Structure formats: C-alpha cells, structure tokens
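Each chain is listed here by its residues.
Protein chains: 2
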Amino acid sequence: MPELSLSRPTSFCDACAIRNRAICADLDDREIGLLNGIGRRRHLVAGEQLMWEGDEAVLVANVIEGMLKLSTHLSDGKEQILGLVYPSDFLGRPFGETSPYGVEALTDTVICVFERKDFERFARDHPRLEHKLLERTLTELDRSRRWMLLLGRMTAEQKVASFLLEIGERLGNAKARAGTHVPLPLSRQQIADVLGLTIETVSRQLTRLRNAGVIDLPSRREIVLQDLPDLEARAS
Amino acid sequence: MPELSLSRPTSFCDACAIRNRAICADLDDREIGLLNGIGRRRHLVAGEQLMWEGDEAVLVANVIEGMLKLSTHLSDGKEQILGLVYPSDFLGRPFGETSPYGVEALTDTVICVFERKDFERFARDHPRLEHKLLERTLTELDRSRRWMLLLGRMTAEQKVASFLLEIGERLGNAKARAGTHVPLPLSRQQIADVLGLTIETVSRQLTRLRNAGVIDLPSRREIVLQDLPDLEARAS
DNA sequence: CGACACATTGAAGGTTCTCAAGCCACGTGG
DNA sequence: CCACGTGGCTTGAGAACCTTCAATGTGTCG
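So the protein lines, in turn, are chains A and B. Take the first sequence: its position 220, counted from the start at 1, is 244 in the numbering used here, and no numbers get skipped. Take the second sequence: its position 109, counted from the start at 1, is 133 in the numbering used here, and no numbers get skipped.
Be aware that one or more of the hints could be misleading.
If chains are identical, the list can't say which one is meant, so a pair holds when it fits in one copy or spans any two.
Capping the alpha-carbon separation at 20 Å, the derived lysine to aspartate or glutamate pairs in EDC-like fashion look like this [as the list claims (entries may be wrong)]:
(1) Lys102 - Asp166
(2) Lys156 - Asp142
(3) Lys102 - Glu224
(4) Lys102 - Glu256
(5) Lys141 - Glu121
(6) Lys102 - Glu77
(7) Lys156 - Asp52
Source of the hints: derived by calculation from the structure; they are not laboratory data. These numbers come from a predicted model, not from an experiment.
Go ahead and model the full structure; you've got the sequences and the hints to work with.
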C-alpha cells in the first residue's frame, strides 16, 4: 500500500482508471480526499457474491474493473438478470434499506466500496456528487426500460441479436466494427437469464447466427461480430 | 385564476392535492413560490398524447390527478408499456435531450408542467428538490426491474395476477382487502401491452380467474378482488 | 486419460399466439 | 322504441415458437 505513505491523502483516486468517468468525476481534490477517506478497494473473484437479494443494503460501490450481474429469482427458482454492471458504473441501492436484487461478480473484479450510510452522508453534503448520481440513475432507468421492450415483445432471435450488439458496444471498447472480437463474460445460462429464455434456445439461436455467417464463435467465451448490418436487422 | 390575485405568490401549490407526496414536499414557502412561477397546470383528456417517443423532451411534470402510460414500440408496431404513472409521480426525462418513450393519458388527467430547462435550472439550485427526485428515480428503477422479472420469467397467469394485485394496491386507496372494488383505467389491449401478452391471452386468464371465484368482473372497466390470498398464490 | 461442467443437438410437448367468428354494451338514427 | 352499426371483448381452433426432457458432444483440469 505505497499510497498511504504519501503526505496528501489522495492515493487511490489519483491512479483510478475510471476517475473521469465515474460519479466522482466532478469532485475537486479536497472532496476526492474526503471521499477517499470513507472508501476502500476490494477485489472479487469471478462468481463471488457481493450482496444477497432481500438482505440489508450495507454498501455501495463504484466498479473499477470487471463486470457484475444484478439478479432476482422467482419462488420456483427461475432467475432473471436485471442488469449488467460495467467499469465506471455505480453499484448498490443508496437511500434504501434492503437490496432488491443479488449482486455477483461475473469476472474477477475490482470495486471501490463505501458503507452505504457514509456514502449517503457524503452525498447529501455534496450536491455535485448527488447530481451525477441522479444523471446516472436516470440513464440506468432508461436502459432498464429498453430492456422491458426486449423482454416483453421480442422474439428469441431479436433478443439474442440485441444482446450481442449491446455487449459488443460495451466491451468492444469502441463502436462495434465488423470483425470485432468480443470477450463474453457470461455463460450460456447467464445469457438465457438476461434474455428471459432457456439455455437451449440461446444455444440454438447462436448456432443459427453462426451458420448464417453473421457471427463466429471461436470459443465458448468469445464472439466475433462479422456482419453488423445483418445483426442489426435481426435485432430490429 | 383567483390565485393570482393573492399577494403571496403561492396559489396553486397551497391547494395542491399532492403537495406533500410529490417531489416538492420538502420545499419551504419561498421555494414553492419560485417553483410556482415556472410551472403551470394543464388538463389532458383520456387518450391525449403528451409526448412522443424520440421527440425532443421539452417538458417535465408532476401528476396531480389521473393516470398515464409510458410506452414504446418495436419496428413491426408491437407496443410495450414501460410504466404506469399515478398521482404524485414525477413525469418526464430531465437532463436528457430526447424522450425515450411516448406519454399518453389513460384517464382525464391534471398535471403540473414545467419547461424542462426551467426545471433543470431550478433543480440544480435546490439540492433538496434534486434529492427528492433522486430518491424517486431510484424507487422507479427498482420498480421497473421488478417488472423485468415479470416480463422475463412469469407465466401468463402469474403476470395477470401480479398486475391485478399491483393495480389493486395503487388504486384501491389502501392495502387491498378482499372485495375491493378497483376501477380499471386500461383496456384489455393496454393490459396486454403492460404484461407482454396478447389481448386474447389476457381475456382468457381473466375469465379463468372469474370462473375460479378469485375475482369478479362487473363491467369491462371494473374488477373486484375477491380472494386475495388465492390471487397472491397465483402471482408467486 | 478420465471426470466433470458446460454446451450443443434432437424430438416431443405445451403455452401462447394467430386467425376467425361471435358476443355484448353502447350510441345513433330511423 | 327498436334496429342497426361500431368498438371492444370473449371464445374457439389451429399453428408457431419456445420449452422440456434427454442424449451427445466438447473443453478443461486434475
């Protein structure tokens, strides 16, 4: 922890990979210093559960590296993934007592965690932070509503194509181009749980797309988007 | 407009039915006066469209009376209702350029509208209001995510039962009791568009529930919840 | 190499959708 | 007052899509 030996208490945040994209972006040095005082870094390994559905929401976090899922279950055990969380996204439920979903790391992950109460106090004292959080929450609400259209009205093919486009955009670290190699942080079962399908239907749709030359599947955890326009047409 | 003749510029808000439940709840008299200066009341008749999907988002509003729907369409015309908006709810997309959904009144409606730009300026100057808006947006996000579970993983019967319970809670002006008479502000087609089903499936499920004695359907636009525990069991 | 988890493929089945007809409530005009 | 038309809702039959169940295939790690 060489950061702690510095005289200025800025350590983590200065070197933070998402410093300018997360909700902390608008804070000045003094504020960052304060925030740094109540947060700490934490590593999660793939598959590790950070929060459980219905449990008391004790912490919130910024995602620095890696990817997580938010998910909930029906009484018969069927799972629905409610959201995927990417680097620079905010994680957790401030101003609420219990977590309405479970949070699990899909890949090895680094997050910057805060006690929820500490974070709330800080947020109420720093409107610029709260404003950033509001903008982010509004964007997330739009995103989840677009997902409702997918879940309610799309066919299996449209769902899978939409999913591939989304993941391509967010992980192809640029607007997806033809031939983009995309790492796939989800298993087939998890893709099914995102799309409200079964694992078999997802598998069939993927091989259909591969046979049509629209995508390639070099391994279970990689996808190559070969014909973007075609994929977009199928996602319509 | 007798309010304008008063010396204090408080008029509308003082008499507002949702004064203590909307996002304005935490404002003091001076702030309410300012807010009142940039807002105005507007009436909508059932079926009237307030905003169109994809259009520039020029206004935001508080709902005072009545009910509205947020909806979006697939290219082939299929509609998905993304949310129902009740009295005291906030309406619109602040801090965004275009509206990601259309807004239409389901019943005759009274709203308190603001130019989006005016509202944003006011919000940034009044952190207490922005905080209220944040809490509301977080709650709305939770709600829309719960709806994702419904859309992705529930059977038609579970969807219809869940819908009836939700509407019973929000319109039965109390925690729903057995025998509660619930007005139904949606047509069968609109219910289908909320649940991601077809009108025929909704109709069949409703008659199944009626035949089972769980509900009664005195008219097309009324529902009586007769056996709450049974309905809850079917919604599980 | 063998065991295991995960993924693919196939065949059968079911729930929901589609298409079509009939029903009901309501309003209008004869 | 009743016939009639209209729009919304219900009901039925058949088809489609996705699921379920089951077997086979593939990659990874000891």
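Here is how each hint holds up against the structure:
| no. | hint | in the structure |
| --- | --- | --- |
| 1 | Lys102 - Asp166 | between (25 Å within a copy, 19 Å between copies) |
| 2 | Lys156 - Asp142 | both (17 Å within a copy, 19 Å between copies) |
| 3 | Lys102 - Glu224 | within (15 Å within a copy, 26 Å between copies) |
| 4 | Lys102 - Glu256 | between (29 Å within a copy, 18 Å between copies) |
| 5 | Lys141 - Glu121 | within (10 Å within a copy, 33 Å between copies) |
| 6 | Lys102 - Glu77 | within (14 Å within a copy, 33 Å between copies) |
| 7 | Lys156 - Asp52 | within (14 Å within a copy, 25 Å between copies) |
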